[in-house]
Amino acid sequence: MRSDPGRPDCSVLAAFAPALLDSALEVPQGVVGPDGQPAPKRFNVYRNNVVVSLVEAVMDSYPAIVKLLGEDYFKAAARLFVTQQPPQSPVLIWYGADFAGFLENFPPLEAYGYLPDVARLEWAWLEAYHAADAKILKPEHLAAVPEDQLADLTVTLHPACRWIRSDWPVFSLLSVNRFDGDEGVDLNEGQDVLVTRPDLDVEVRLMRPGCAVLLEGLAEGLSLVQAAERAAGSVPEHAFQFDKCLADLLTAGAFAEFDVLSRPEAGK
Amino acid sequence: MVLNPSGSQRAFASVPCRSGAGLKGSHVAEILETCPDIGFFEVHAENYMGAGGAPHRQLEAIRSAYPVSLHGVGLSIGAERPLDEAHLARLKALNEHYEPGLFSEHLAWSTHDMTYFNDLLPVPYSAETLARVCDHIDRVHEVIGRKMLLENPSTYVAFTQSTMSETAFLKEVVRRTGCGLLLDVNNVHVSCTNQQADPETYLDAFPLEAVGEIHLGGHAPDVDDAGRPLLIDAHDRAVDEAVWSLYEYTLGKTGPLPTLIEWDNNVPAWPVLLSEATAAERLLKKAGSGQMSSHHAGLEKRRAV
Chain A
1 MRSDPGRPDC SVLAAFAPAL LDSALEVPQG VVGPDGQPAP KRFNVYRNNV VVSLVEAVMD
61 SYPAIVKLLG EDYFKAAARL FVTQQPPQSP VLIWYGADFA GFLENFPPLE AYGYLPDVAR
121 LEWAWLEAYH AADAKILKPE HLAAVPEDQL ADLTVTLHPA CRWIRSDWPV FSLLSVNRFD
181 GDEGVDLNEG QDVLVTRPDL DVEVRLMRPG CAVLLEGLAE GLSLVQAAER AAGSVPEHAF
241 QFDKCLADLL TAGAFAEFDV LSRPEAGK
Chain B
1 MVLNPSGSQR AFASVPCRSG AGLKGSHVAE ILETCPDIGF FEVHAENYMG AGGAPHRQLE
61 AIRSAYPVSL HGVGLSIGAE RPLDEAHLAR LKALNEHYEP GLFSEHLAWS THDMTYFNDL
121 LPVPYSAETL ARVCDHIDRV HEVIGRKMLL ENPSTYVAFT QSTMSETAFL KEVVRRTGCG
181 LLLDVNNVHV SCTNQQADPE TYLDAFPLEA VGEIHLGGHA PDVDDAGRPL LIDAHDRAVD
241 EAVWSLYEYT LGKTGPLPTL IEWDNNVPAW PVLLSEATAA ERLLKKAGSG QMSSHHAGLE
301 KRRAV
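If you're matching them up, the sequences are chains A and B in order.
Residues in the first sequence are numbered from 1 upward in steps of one, following our numbering.
Residues in the second sequence are numbered from 1 upward in steps of one, following our numbering.
Hint data in this document are derived by calculation from the structure and do not stem from the laboratory.
All of these numbers come straight from a predicted model, not from anything done at the bench.
Idealized CB from N, CA, C, for every residue including glycine.
Hints are all accurate, no fakes.
Just a sample of chain B residues kept apart from chain A, beta carbon distances all over 10 Å, derived:
hint : residue
1    : K24
2    : E30
3    : S64
4    : T201
5    : D240
6    : A269
Straight-line distance between alpha carbons at most 25 Å, and here's what the computed DMTMM-like set of lysine to aspartate or glutamate pairs gives:
hint : chain 1 : residue 1 : chain 2 : residue 2
7    : A       : K67       : B       : D264
8    : A       : K138      : A       : D243
9    : A       : K41       : B       : D236
10   : A       : K41       : B       : D264
11   : A       : K138      : A       : D152
12   : A       : K75       : B       : D236
13   : B       : K24       : A       : E71
14   : A       : K244      : A       : D192
15   : B       : K286      : B       : E241
16   : A       : K41       : B       : D198
17   : A       : K41       : B       : D240
18   : A       : K75       : B       : D264
19   : A       : K244      : A       : E220
20   : B       : K286      : B       : D204
21   : B       : K24       : A       : E56
22   : A       : K135      : B       : E60
23   : A       : K67       : A       : E183
24   : B       : K24       : A       : E203
25   : B       : K92       : B       : D138
26   : B       : K24       : A       : D199
27   : B       : K24       : A       : D201
28   : A       : K135      : A       : D199
29   : A       : K138      : A       : D192
30   : A       : K135      : B       : E96
31   : B       : K285      : B       : E248
32   : A       : K135      : A       : E203
33   : B       : K24       : A       : D60
34   : A       : K135      : A       : E220
35   : A       : K135      : A       : E257
36   : A       : K41       : B       : D225
37   : A       : K41       : A       : D22
38   : B       : K24       : A       : D133
39   : B       : K92       : A       : D133
40   : A       : K244      : A       : E216
Full structure from sequences and hints, please.
Structure representation (structure tokens):
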């Protein structure tokens, strides 16, 4: 058979593509076996490759969710996700950013309200893993800032720095289900979690009360004093410990290194 | 066109006519520790499109000790839509940064409208797809500024819309674009079995003079709708005996060429993969004993232009 000049072969791909993700659609016309006969089983090899490889890509990014749901359940849920929200970019390391949103709106898992935030934390881990390389700001860098400039100092977040504020114990859930932690998990507890990558290894830390608000403020460009005031106001009186929070953030590598002398404030 | 405008500051820039292995993250530490005697490593470009971190640090370390081949899996050269310029820019950046000895992509499509399917999907072999594929390869050459190798696909279906053979299609792509070819011998075996064709006849018709690299890999057996053998290009096991034979047949015609062992699923321990590469190296030596093949001498000359 030769192609019909009135029907360009691009229509083959136009029929081929949607049928890959929707098994209810018919095998496209013109797709045949070596005998020239329609070959649905052969076409299904492509369907299977597409769906299975995408499910595996999502699986690779969310090991704690896989553990929490069990592999079979995860695969079934991820199958729905990949057919509903297939990737738009060939850079597959970035596929699955919206999986938390999918879990949030997936009625069978409604009772497990912590899943979306655990997924968000795993996505933050992945973003940190692939983030641009940059030197971290160390305590000695901060110590070099003249004292009269310290209060007004602003900082730049390290490219890998991420944080999650959750009403659920997401740090404990991640620790137990991804890193073989053995702590107890109290589902009534909310946790704020910091994700950093000072060099190559991603680090995950539980944040003290108010620390996430401090970091949020600094990310917005507030000065240390402004951000600290906001953080202190966000938690019960005396619960916010500025020095400890700042030390935690510096130890974790939350900020990018800067050259004190080259900062505009230094010249003022 | 200048094929390698940047030149290379690194030693071992070009990929030798030896065997190599697909680089897996789980093997990197052992490779750097044991420094195996292997010709080169090949990486999937898309795995190195993050901004930084461990993947790049590992590849830097590998690249400083071995020649590297960059193999794209997501450019979708057979797609109806124009090439993704953002993706092309990423490929260009990787080429410039790592200065790989070889750069290859597939005769396949993997995107349609806005969707990326993460599979190497087949194209009908018609005048229309030929023109499209050639336009896309011209664009790759224009942007990346070096000659690419195009890989023959493994296929499970045929199209009634096809008007020419795969080998005739590839020959014409080479003639029109000046690209080289990556001959995947496992794909030849898989496709010929699936299309009920003779693999040696296929190779006899293949434009072997354009081949700059060979791929070998494992496949999984299945059956089709009518109970006929259907081989799946799974890259999940050792190279099959039939593929080794076909590789020897190929080398008999081409002489030694850079040869990669692909093992992407059920990835074995590093020594297992290395032993597959060693097996390929034995056949390369056998094919190369005596004189350098006229085929490769010609290729070297073209590369030097």
